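Novice: Keeping the supplied structure of chain A fixed, place chain B upon it in accordance with the hints.
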Amino acid sequence: QKEVEQNSGPLSVPEGAIASLNCTYSDRVSQSFFWYRQYSGKSPELIMSIYSNGDKEDGRFTAQLNKASQYVSLLIRDSQPSDSATYLCAVYSGGGADGLTFGKGTHLIIQP
Amino acid sequence: KAGVTQTPRYLIKTRGQQVTLSCSPISGHRSVSWYQQTPGQGLQFLFEYFSETQRNKGNFPGRFSGRQFSNSRSEMNVSTLELGDSALYLCASSLDGQGNSPLHFGNGTRLTVT
Numbered sequence: 001q002k003e004v005e006q007n008s009g010p011l012s013v014p015e016g017a018i019a020s021l022n023c024t025y026s027d028r029v030s031q032s033f034f035w036y037r038q039y040s041g042k043s044p045e046l047i048m049s050i051y052s053n054g055d056k057e058d059g060r061f062t063a064q065l066n067k068a069s070q071y072v073s074l075l076i077r078d079s080q081p082s083d084s085a086t087y088l089c090a091v092y093s094g095g096g097a098d099g100l101t102f103g104k105g106t107h108l109i110i111q112p
Numbered sequence: 001k002a003g004v005t006q007t008p009r010y011l012i013k014t015r016g017q018q019v020t021l022s023c024s025p026i027s028g029h030r031s032v033s034w035y036q037q038t039p040g041q042g043l044q045f046l047f048e049y050f051s052e053t054q055r056n057k058g059n060f061p062g063r064f065s066g067r068q069f070s071n072s073r074s075e076m077n078v079s080t081l082e083l084g085d086s087a088l089y090l091c092a093s094s095l096d097g098q099g100n101s102p103l104h105f106g107n108g109t110r111l112t113v114t
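For the protein sequence lines, the chains are A and B, in the order given.
So for the first sequence, the working numbering puts the first residue at 1; every next one is plus one.
So for the second sequence, the working numbering puts the first residue at 1; every next one is plus one.
By construction, these hints were calculated from the structure, which means they are not laboratory data.
It cannot be assumed that every hint is accurate.
Said to hold, decoys possible - Derived lysine to aspartate or glutamate pairs resembling EDC-like cross-links, with alpha carbons at most 20 Å apart:
1) B:13 - B:82
2) A:67 - A:3
3) A:56 - A:78
4) B:57 - A:3
5) A:56 - A:45
6) A:67 - A:78
7) A:104 - A:55
8) B:1 - A:45
9) B:57 - A:27
Quantities reported herein were computed from a predicted structural model and do not represent experimental measurements.
The following block holds chain A by itself, in its conformation from the complex (with noise of 0.2 Å):
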């Protein structure tokens, strides 16, 4: 079974800091990853895609994929109280009984 393993934290982050958020997965040809960030008892909105090596930025939001290392990281930069979620990690690997594999999740905390 495909595997996608967060830290769950909490991890907590001083206002105006950088947050930085990581995610290893266990299939080497997963092909897409995805970040998505829920609020407690809502439901997961999509904040970045990445589908190739290297960093993509939009934003404050910077998604970096090390396919290599099996390693996809976000961080962010000015980090505020209004970021303060669970982030989850999410891979495509080509289907099959897995589908997109979700990891459980960070619950990061922004300190004012």
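Specialist: Then chain B, alone, in the frame of chain A:
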């Protein structure tokens, strides 16, 4: 553009009953995926439908089934409900399927089995 719509938002059922959940995808999206979310297991994949065909299926028992209609709307059915089926059921749509385009989630249906 309207988002993914799931109905109903909340359901309370008794063990042994069956339930049908409904999902309307974003206009133009042809793929609909269903997930079960629980505090202990996180998001677990149930199945994906694309153009009325089941494309992928997760490791859930046959009590869990679904279908997709020609307008891309989808339904999920759970028969002979068990206490362990209590969860948040999330529907997500994507333009071209899970591997090609991101999923966009609905607000979910909270199912409680007593």
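Novice: Each of the hints needs a verdict: does it hold here or not?
Specialist: Evaluation of the provided hints:
In summary, the hint linking residue 13 (chain B) to residue 82 (chain B) is supported, as the alpha carbons are separated by about 10 Å, within the 20 Å threshold. For a cut-off of 20 Å, the pair hint linking residue 67 (chain A) to residue 3 (chain A) stands: about 15 Å separates their Cα positions. Taking the CA atoms of residue 56 (chain A) and residue 78 (chain A), the gap is about 17 Å. The hint holds against a cut of 20 Å. Among the hinted pairs, residue 57 (chain B) with residue 3 (chain A) is consistent with the structure: their alpha-carbon atoms are about 17 Å apart, no more than 20 Å.
Only pairs whose Cα atoms come within 20 Å are accepted, and residue 56 (chain A) paired with residue 45 (chain A) is accepted, the gap being roughly 18 Å. For a cut-off of 20 Å, the pair hint linking residue 67 (chain A) to residue 78 (chain A) is broken: about 27 Å separates their Cα positions. Restraint check for residue 104 (chain A) and residue 55 (chain A): not satisfied, since their Cα atoms lie roughly 23 Å apart, outside the 20 Å limit. Our distance criterion of 20 Å between C-alpha atoms is met by residue 1 (chain B) and residue 45 (chain A), whose separation comes to about 16 Å.
Proposed proximity of residue 57 (chain B) and residue 27 (chain A) is supported: the alpha carbons are some 18 Å apart, at most 20 Å.
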